[in-house]
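Q: Residues per chain, in single letters:
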Amino acid sequence: MEIGPQVVFRVAGLPVTNTLLVAVSISVVLIIGAALISRSFKVIPGKGQAALESVVFLVMDFIESIIPGQGRKYITFIFTILVFIFLANTCAIIPGVKNPTSDLNTTAAFGLCVFFYSHYTGIKVQGIKHYLHEYISPMPFMLPLHIIDELAKPVSHSFRLFGNILGGAIILEIVYSSTYLRWAFPVPLHFWFDLFVGTVQSIIFSALAIVFISIKR
Amino acid sequence: MDVQTIQALGPFITKALAYFGAAIAILGGLGAGIGQGLTGAEAVKAVVRQPEARGDIITVLLIADAITESTGIYALVIAIILVFVAK
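Chains as they are written, first to last, in this note's numbering: chain A, 1 to 217; chain B, 1001 to 1087.
If you're looking for bench data, these hints aren't it; they were derived computationally from the structure. Bear in mind that the values here come from a model prediction, so they are computed numbers and not experimental data. Be careful, since some hints might not be right.
To be verified - Only pairs whose alpha carbons sit at most 30 Å apart, straight line, appear in this in silico DSS-like list of lysine-lysine:
hint: 1; chain 1: A; residue 1: K153; chain 2: A; residue 2: K129
hint: 2; chain 1: B; residue 1: K1087; chain 2: A; residue 2: K98
hint: 3; chain 1: A; residue 1: K73; chain 2: A; residue 2: K216
hint: 4; chain 1: B; residue 1: K1045; chain 2: A; residue 2: K98
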């Protein structure tokens, strides 16, 4: 039984895994879909456009409730993360497709993106003197504690998503490898592990990304 | 047991100890379960006190559940590494 990403072929010595292929195809679908949908935007929205706008405004209100007044600025980053991770978590319903987020590389990449973006925002908003002063306040000996706290955030952020999705994938693989349980029994398991846990974890990931960015402001 | 049998059993002892370590590591799920049960109990109490805030309370409950689950997930990752990667 194989778990984890499997190398499919190599391009110029670099391995390409099957989770990377799924992630790239999700990105291509999102880019082409967004380009096609945004062509048909009207000033007075029809039903589909109104539904999309309500979802975007829901996320923007959530950002405003944590960082008041800056919803318009961070909505693109947060909404992209939300949609991509939602699609990446739930695409295991298609048989034969492996979750890109069951690979630690993908989740660690997202965690590092949020980490660098939050520090960049902190330096830009607070100025570098105030940003560095926060590390030695309230007492100078708290510097190692602050550094460990900052390093622990992307670790927990990425491992939470990785562990949830990989755990579900392993349980489903065990069920599929037994001769009697693989008929009709995985259907509620897919519903729980792929749809529910995937949706909740994508919302949690983007909500925590917003919280991490707001701490640094 | 003499030295030759212990040396011949070497790889099996490694795998057996790795499985045993995975069994001990998965006991970390106990903390996650207790923590999420406590958040559920407090959520029920909050809904009893103010039934019209049910939507907000359910949202906060789900967020607190997902964060409390993190340490259980760490234990699971260590157990997975021990079971599938140890030779």
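Q: Hint by hint, work out which the structure violates, then give me just those numbers in ascending order.
A: Violated hint (a single one): 4; every other hint is consistent with the structure.
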